[in-house]
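S.K.: In case you want the letters, here they are:
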Amino acid sequence: MKALQTNNASNLKIKQHRFVEILLKIFIWVCALLTVSFVVGIIIYILVKGIEGMSWNFISTPAAAYPVENYGILGNIVNTLYLIVITLVIATPIGVGAAIYLTEYAKQGRLTKIIEFTTETLSGIPSIIYGLFGSVFFYSVFKLNYSILAGSLTLAIMILPIIIRTTQESIKTVPIMYREGAMGLGATRWYMIRTVILPCSIEGILTSVILSIGRIVGESAALIFTAGLAYNLPNITGIGDIFKKAMDQGASLTVQLYQYAARGGEEMKYAFSTALVLVIVVLIINVLTKIIARGFKKVK
Amino acid sequence: MAELNNSDIKIVTKDVNLFYGDNHALKDVTLDILSNKITAFIGPSGCGKSTYLKTLNRMNDIVPNVKISGKVLLDGEDIYENGVNVTYLRKKIGMVFQKPNPFPMSIYDNVAYGPRVHGIKSKARLDEIVENSLKGAAIWEETKDRLKQNALGLSGGQQQRLCIARAIAVEPEVILMDEPTSALDPISTLKIEELMSQLKEKYTVAIVTHNMQQAARISDYTAFFLVGEMIEYGETQQIFSRPKNKKTEEYITGRFG
Amino acid sequence: MRNSFIEKLNQLNNDLIKMGGLVEDAIKNAAKALEEDDVELAKKIIAGDSLVNEAEKKIESQSLNIILREQPVAGDLRKVSAALKMVTDMERIADNAADIAEIIVTANVKSILHISASITEMAEKASRMVGDAVKSFVDVDLELAQQVVERDDEVDALFNEIKTILIENISHDKSNVDIIVDTIMIIKYFERIADHAVNICEWVYFFETGEYKSTQII
Numbered sequence: 001m002k003a004l005q006t007n008n009a010s011n012l013k014i015k016q017h018r019f020v021e022i023l024l025k026i027f028i029w030v031c032a033l034l035t036v037s038f039v040v041g042i043i044i045y046i047l048v049k050g051i052e053g054m055s056w057n058f059i060s061t062p063a064a065a066y067p068v069e070n071y072g073i074l075g076n077i078v079n080t081l082y083l084i085v086i087t088l089v090i091a092t093p094i095g096v097g098a099a100i101y102l103t104e105y106a107k108q109g110r111l112t113k114i115i116e117f118t119t120e121t122l123s124g125i126p127s128i129i130y131g132l133f134g135s136v137f138f139y140s141v142f143k144l145n146y147s148i149l150a151g152s153l154t155l156a157i158m159i160l161p162i163i164i165r166t167t168q169e170s171i172k173t174v175p176i177m178y179r180e181g182a183m184g185l186g187a188t189r190w191y192m193i194r195t196v197i198l199p200c201s202i203e204g205i206l207t208s209v210i211l212s213i214g215r216i217v218g219e220s221a222a223l224i225f226t227a228g229l230a231y232n233l234p235n236i237t238g239i240g241d242i243f244k245k246a247m248d249q250g251a252s253l254t255v256q257l258y259q260y261a262a263r264g265g266e267e268m269k270y271a272f273s274t275a276l277v278l279v280i281v282v283l284i285i286n287v288l289t290k291i292i293a294r295g296f297k298k299v300k
Numbered sequence: 001m002a003e004l005n006n007s008d009i010k011i012v013t014k015d016v017n018l019f020y021g022d023n024h025a026l027k028d029v030t031l032d033i034l035s036n037k038i039t040a041f042i043g044p045s046g047c048g049k050s051t052y053l054k055t056l057n058r059m060n061d062i063v064p065n066v067k068i069s070g071k072v073l074l075d076g077e078d079i080y081e082n083g084v085n086v087t088y089l090r091k092k093i094g095m096v097f098q099k100p101n102p103f104p105m106s107i108y109d110n111v112a113y114g115p116r117v118h119g120i121k122s123k124a125r126l127d128e129i130v131e132n133s134l135k136g137a138a139i140w141e142e143t144k145d146r147l148k149q150n151a152l153g154l155s156g157g158q159q160q161r162l163c164i165a166r167a168i169a170v171e172p173e174v175i176l177m178d179e180p181t182s183a184l185d186p187i188s189t190l191k192i193e194e195l196m197s198q199l200k201e202k203y204t205v206a207i208v209t210h211n212m213q214q215a216a217r218i219s220d221y222t223a224f225f226l227v228g229e230m231i232e233y234g235e236t237q238q239i240f241s242r243p244k245n246k247k248t249e250e251y252i253t254g255r256f257g
Numbered sequence: 001m002r003n004s005f006i007e008k009l010n011q012l013n014n015d016l017i018k019m020g021g022l023v024e025d026a027i028k029n030a031a032k033a034l035e036e037d038d039v040e041l042a043k044k045i046i047a048g049d050s051l052v053n054e055a056e057k058k059i060e061s062q063s064l065n066i067i068l069r070e071q072p073v074a075g076d077l078r079k080v081s082a083a084l085k086m087v088t089d090m091e092r093i094a095d096n097a098a099d100i101a102e103i104i105v106t107a108n109v110k111s112i113l114h115i116s117a118s119i120t121e122m123a124e125k126a127s128r129m130v131g132d133a134v135k136s137f138v139d140v141d142l143e144l145a146q147q148v149v150e151r152d153d154e155v156d157a158l159f160n161e162i163k164t165i166l167i168e169n170i171s172h173d174k175s176n177v178d179i180i181v182d183t184i185m186i187i188k189y190f191e192r193i194a195d196h197a198v199n200i201c202e203w204v205y206f207f208e209t210g211e212y213k214s215t216q217i218i
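Protein chains in written order, with the working numbering: chain X, 1 to 300; chain Z, 1 to 257; chain R, 1 to 218.
Hints are computed from structural coordinates only; laboratory data are not their basis.
Please read these numbers as outputs of a predicted model, since none were measured by experiment.
Among the hints, erroneous ones may be present.
[As the list claims (entries may be wrong)] If you want a taste of the chain X side facing chain Z, the calculated C-beta under 10 angstroms gives, among others:
{"hint": "1", "residue": "Lys107"}
{"hint": "2", "residue": "Arg110"}
{"hint": "3", "residue": "Met177"}
{"hint": "4", "residue": "Tyr178"}
{"hint": "5", "residue": "Gly181"}
{"hint": "6", "residue": "Gly184"}
{"hint": "7", "residue": "Met192"}
{"hint": "8", "residue": "Pro199"}
Backbone N, C-alpha and C define an ideal beta-carbon position, used for all residues, glycine too.
Please put together the full structure from these sequences, using the hints given.
M.R.: Written out as structure tokens, the structure is:
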């Protein structure tokens, strides 16, 4: 009889566990559903609001001088591309170089800890502060005025932590046995880095580059004070003009969106259309990341 | 041990002491490694046998806080002397590691890695080296049709033979092997052992192994290490049939600890 | 560590000692049966031979089992290989004792003993050599083993002495041929037994040193 009672008690306990489990499951489902519906909701909202101002004309022509009838963002698209390319050209070599130095050459000690801590802090600073710094430092001190170059330099500082951290992480995952193998064959440290370490961590470096592109495309606060607000197309008549454009003002898509939204009224719909383009661009970047990552896994 | 001719000695180590920080990992290790013989180092984990092996081509240099004293002579030359070119030293003394570690590149590039480190660029010359090395490591037949494929697609045993091919591609004089079969299945292990007895015709082989039967099977000389000390060194036959030291006997007969 | 292996080795050792005991008894009884013309005891010896054969098979199987499963090295390897070789000699000793017993059962023992007093002396010497050989193994007593090896010469001398007497006898008197043949067989058996005792001692020496008949064979 006694045995039976204990049996009952433990049965009850099992039931309780099941009840908690079901409750947790429901909770998790609700959370997941909420997250998905937020994202889907935002996208649908932007789609609905943005489709009105969207037209081939909108994305294929630059805006004419304000105030005018023609609204177009081609100039901003070009500006954004300029920002991406110039920023990456500046930040990637520096970031990768710093990462290699920190993981491969620097003696692990206080100095490297301080540098790593600083990089981490950099990545936590609000972007408006970068904008403020850039406007003082590059605009005034370097006399770059409002220019895409000044904007890119500012963005480069901002994305350095991303590149350094991600590259460092991926260099650290290169198995020690590859290093031993290379050293055992008499390779110097730099030869080993060049032929084994970097090829092995290229995936991580590319990931950091793509993350950085996302950050560049999405940035506005740091650019308003540095890259300026222009939306015209570069007037390219020769090779030199391609570089000259870097010294011109240029608003990125996000800055343009901010301007449309700030002015409000009729132009609000163009803000949403720009947002729609941005969302699509970000989506494409994400898909690209996935494809590249998968490609590397296949090679391995 | 029989009387040795000086020309038979490839590597002399004399009173080698090694510290990892405060840890005294090798204590006055003195022994001679003979040319064209397989010398096996046995002993329980942490006895210093791997550490000793790595002092022979200065692989301990990579580890921070290492202090080494004593003499290591390769053909009479002190390899720890100032001005010794470590790259050149490691060309002469190659190494094969515990886990097969081919680089994530093609089979061809793996074998050509060493020669390229040492400045060989000619395609024809590299082709020749790759073929000869793969043949020397008894893996040519299995790989000749897929030299451009990624080496990580090979089986564990093939990868290890590829690593041996990679090591002999730089034409070393000595090959150090750090538990080269501990990650392999029995058949692959036997293949590597077979290969080792071929290798000793051209090279001096030193191997660290956890597998005493392996040491007994393949080596000509055996040294037994215990907590950083070299306890006994002699012909393998003697060590495994009538060891002189009681600790050696206890270890090889499994009465240890 | 390796407790079951050590257990197996101990078991092998015990079985060897046990077999040594059986063999020692067989040869001692053979000497006694001869001396006292005891046919019953002789029959017992013949019956006991199968026990020795079984013990031999058991030890062989144990030894091979250890080699197969444990791959013994050093002292362990020497012990197992010595066991394998030794049991053959032990079994031969028991066989020879049984052969002697068979002659005792059928032959005219009194006449045989009448030929020479050295026959019983030889029987006792050979019997003691076997006893000491077994003892030298049990105690791993190399000195005793060495003594046994040296004592073989005494047995050989007795064998030659009796042989000469027999040759003389047969040239004088051809009516006793069957007795003489029985005698020569008996003393030959004792001489062989002494040789086997020497062999056992040599394997004891090998077990300790790896040396067999002054050659390092392992």
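S.K.: Each hint needs a verdict: does it hold in this structure or not?
M.R.: Structure-based check of each hint:
1. Lys107: Since the shortest Cβ distance to chain Z is 8 angstroms, the answer is holds.
2. Arg110: Check failed: Cβ of Arg110(X) comes no nearer than 15 angstroms to chain Z, outside 10 angstroms.
3. Met177: holds, 4 angstroms
4. Tyr178: At 6 angstroms from the nearest chain Z Cβ, Tyr178(X) passes the 10 angstroms test, so the hint holds.
5. Gly181: With a minimum Cβ separation of about 5 angstroms from chain Z (threshold 10 angstroms), the hint on Gly181(X) holds.
6. Gly184: With a closest approach of 4 angstroms, the Gly184(X) hint holds.
7. Met192: For Met192(X), the interface hint holds, since the closest Cβ of chain Z sits about 9 angstroms away, which is under 10 angstroms.
8. Pro199: Since chain Z brings a Cβ to about 7 angstroms from Pro199(X), closer than 10 angstroms, the hint holds.
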